[in-house]
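Quick mapping for you: the protein sequence lines, in order, are chains U and C.
Just so you know, the first sequence maps onto residues 1 to 289 in the working numbering.
Just so you know, the second sequence maps onto residues 1 to 327 in the working numbering.
Read the hints as simulated data drawn from the structure, not as lab findings.
Keep in mind the model is a prediction, meaning the values are calculated, not measured.
Where hints are given, some of them may not hold.
One-sided and incomplete, this derived list gives chain U residues near chain C with beta-carbon spacing under 10 Å [stated by the list, open to error]:
1. Val-67
2. Ile-70
3. Asn-89
4. Ala-90
5. Asp-94
6. Val-118
7. Val-121
8. Thr-182
9. Pro-216
10. Val-228
11. Leu-262
12. Met-275
Simulated pairs of lysine-lysine, PhoX-like, Cα-Cα distance not exceeding 25 Å [as the list claims (entries may be wrong)]:
13. Lys-34/C to Lys-279/C
14. Lys-135/C to Lys-221/U
15. Lys-221/U to Lys-34/C
Think of the CB as a built atom: it goes at the ideal place given N, C-alpha and C, for glycine as much as any other residue.
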Amino acid sequence: MSVVAFIILYGVSYGLVLCLISVGLVVTMGLMRVINLAHGAFAAIGGYIAVSLAGHGLLPFAAAIPVAVIAVVLLSIVMERLLFVHLYNAPELDQVLMTIGFNFVVVAALTLFFGTDVYPVRLPPWLAGSVDLGFRTFEVYRVITMAVCLAVIGLLWLAFDRTNLGARLRAAVDNRGMAQATGIDVPRLFLLTFAAGSGLAAFGGAIGAPMLPLEPIYPFKYLVLVLVVVALSGFGNVRAVVGVSIFVGIVDTAGRFFLPDLGAFIIYALLIVLMIWRRQGLFAQRTVA
Amino acid sequence: MTLPRESILSRHRIGALEPVWWLLALLVYFVFPKHLAIASSVLIMAMFALSFDVVLGYAGILTLGNAVFFGVGAYAAAWISIAGWHEAITGAFAAAVVSALAAGALGPFVLRLTGLPLIMVTLGIGVIFFEAANKAAWLTGGDDGLSNIVLSPLLGWFRWSLSGGTAYLYVLVWLGLLFALIRRVMASPFGVALQGIRENADRMRLIGAPVLRHLVVSYVISAFVAGIAGALWTQTNAFVGLGVFSLDRAIDGLVMLALGGVGGLYGGLIGAPVYMLLKHFSQEWNPHYWMFLIGGLLIFVVRLGRGGILGVLGRVLSQWLGPRPVS
Numbered sequence: 001m002s003v004v005a006f007i008i009l010y011g012v013s014y015g016l017v018l019c020l021i022s023v024g025l026v027v028t029m030g031l032m033r034v035i036n037l038a039h040g041a042f043a044a045i046g047g048y049i050a051v052s053l054a055g056h057g058l059l060p061f062a063a064a065i066p067v068a069v070i071a072v073v074l075l076s077i078v079m080e081r082l083l084f085v086h087l088y089n090a091p092e093l094d095q096v097l098m099t100i101g102f103n104f105v106v107v108a109a110l111t112l113f114f115g116t117d118v119y120p121v122r123l124p125p126w127l128a129g130s131v132d133l134g135f136r137t138f139e140v141y142r143v144i145t146m147a148v149c150l151a152v153i154g155l156l157w158l159a160f161d162r163t164n165l166g167a168r169l170r171a172a173v174d175n176r177g178m179a180q181a182t183g184i185d186v187p188r189l190f191l192l193t194f195a196a197g198s199g200l201a202a203f204g205g206a207i208g209a210p211m212l213p214l215e216p217i218y219p220f221k222y223l224v225l226v227l228v229v230v231a232l233s234g235f236g237n238v239r240a241v242v243g244v245s246i247f248v249g250i251v252d253t254a255g256r257f258f259l260p261d262l263g264a265f266i267i268y269a270l271l272i273v274l275m276i277w278r279r280q281g282l283f284a285q286r287t288v289a
Numbered sequence: 001m002t003l004p005r006e007s008i009l010s011r012h013r014i015g016a017l018e019p020v021w022w023l024l025a026l027l028v029y030f031v032f033p034k035h036l037a038i039a040s041s042v043l044i045m046a047m048f049a050l051s052f053d054v055v056l057g058y059a060g061i062l063t064l065g066n067a068v069f070f071g072v073g074a075y076a077a078a079w080i081s082i083a084g085w086h087e088a089i090t091g092a093f094a095a096a097v098v099s100a101l102a103a104g105a106l107g108p109f110v111l112r113l114t115g116l117p118l119i120m121v122t123l124g125i126g127v128i129f130f131e132a133a134n135k136a137a138w139l140t141g142g143d144d145g146l147s148n149i150v151l152s153p154l155l156g157w158f159r160w161s162l163s164g165g166t167a168y169l170y171v172l173v174w175l176g177l178l179f180a181l182i183r184r185v186m187a188s189p190f191g192v193a194l195q196g197i198r199e200n201a202d203r204m205r206l207i208g209a210p211v212l213r214h215l216v217v218s219y220v221i222s223a224f225v226a227g228i229a230g231a232l233w234t235q236t237n238a239f240v241g242l243g244v245f246s247l248d249r250a251i252d253g254l255v256m257l258a259l260g261g262v263g264g265l266y267g268g269l270i271g272a273p274v275y276m277l278l279k280h281f282s283q284e285w286n287p288h289y290w291m292f293l294i295g296g297l298l299i300f301v302v303r304l305g306r307g308g309i310l311g312v313l314g315r316v317l318s319q320w321l322g323p324r325p326v327s
């Protein structure tokens, strides 16, 4: 029983962080159908900024995170204008090549500034302890992370489901041409979601740094995991992201716990089987058959 | 009758510059006798990039999993030698057949997908093979790799010298043969059908082309070439390690092809030496700056240098030679 609770708690906290990192990519891919392999880079940059600000004692960890998010949002706006804007109608190969190129540059920059090793995260004392949840003790850090992620996801849902901006966004994802015809400025909407999505990724990268260790190779290392969430959610299907992320988090955790030898396989095997078996049900994109 | 250069009907014609590459490759043997080991690995990577060009440049299959077939070929070649078959040519051929069989088994499932799902699944398969090779130490030697690989003299006559001279020519002949074969196949109606699928799969289906079967065949051909590349890697190094399956290798191959130019068969042959020389010198300068360079180059190729080195060269040449005849 305790084992199940452990796996669910670890899996859910892990999945929620994954959700924050991935949700922006799900929306931007749904909007523009651009294959963006560089999304993890924004999470890495956010994580590094927050952790290094806190590590040098410049800001407390909780205050460093918003600073990192704002920095990444600004950076992503510049990058969208400079690079990504050229990809919208480009062939898929170009999209893959350029976003991989962007990843390389980010990996090199992170190595240059922070070294090749895993960048250590020092949690403030109030996050470092454990708390008794009644049936077992659990790290305070993970409990708080879960609460914060749930709050952010709740706010996201409100924005997506209840605001005018959200309605326009949903319309543009469903039918871009029609949305444009009714006067919605889709490119501008894309810039906004791109920036917001990068900011969320930075937030996830920063708050999740103790779970997904910061190292220069981060943009490539977690790319597969993020893309698994995106692909299983379906492009632009924001409602599915939370469920899919938690599912991926629990499966990955359970796999690593019960079958430590095969842990890494489980999630990829699942991905391959699901993709081949349910490709029409899972993706909005038409497939060759 | 003169045909315009880009016409599909002139696809059999051999360009005036084509022999230059092969002459230069042969010249390397005489000019750089001390660097033949690294030169062999450049040729092998060029062959690997060529295998990418078949699926990516012609059939338009966006895969990141071709390192799987490189790795399968590499380990198969190692086991063929360890099992007691020391003849190199048949060994490499048999290893590549194993790769091709693997592609034949995977293809019908994988190639139904396009776009992101295809990238994801090929990436996933690549990771699974890497992890499997890592765990199955009884088969792959795990982190230590397999090193007791012995080959008998080539054709019963040429010894595998320490300087790598025999190995270089051996690899060059394999590359030449495979290149000629692929060039011929891609110029056949099948090759043209592949390009049709790349441009518009739905329309090809409407005119009755067996799209999935064509894609699987191109996948198998590509896997065979990648398998030979892997086998030669093992044979020339007398060693095979887990690195043959790594995602880095797939990305390396893709970047080489993109640098050289996708879809012209020569892209990999030109991209591989450029890439490996750049890598060598920039890593000597500073091991970390290498990624700045390669990232910047990729972005540059997509934004400005369309078609890679071949594309830019083609444009410069046509400027220089005046306008091409219009079809």
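Hints and how they fare:
no. : hint                   : in the structure
1   : Val-67                 : violated, 26 Å
2   : Ile-70                 : violated, 25 Å
3   : Asn-89                 : violated, 13 Å
4   : Ala-90                 : holds, 7 Å
5   : Asp-94                 : holds, 5 Å
6   : Val-118                : violated, 16 Å
7   : Val-121                : violated, 22 Å
8   : Thr-182                : violated, 27 Å
9   : Pro-216                : holds, 8 Å
10  : Val-228                : holds, 7 Å
11  : Leu-262                : holds, 7 Å
12  : Met-275                : holds, 5 Å
13  : Lys-34/C to Lys-279/C  : holds, 19 Å
14  : Lys-135/C to Lys-221/U : holds, 19 Å
15  : Lys-221/U to Lys-34/C  : violated, 37 Å
Checked against the numbered hints given earlier, the structure breaks hints 1, 2, 3, 6, 7, 8 and 15 and satisfies all the rest.
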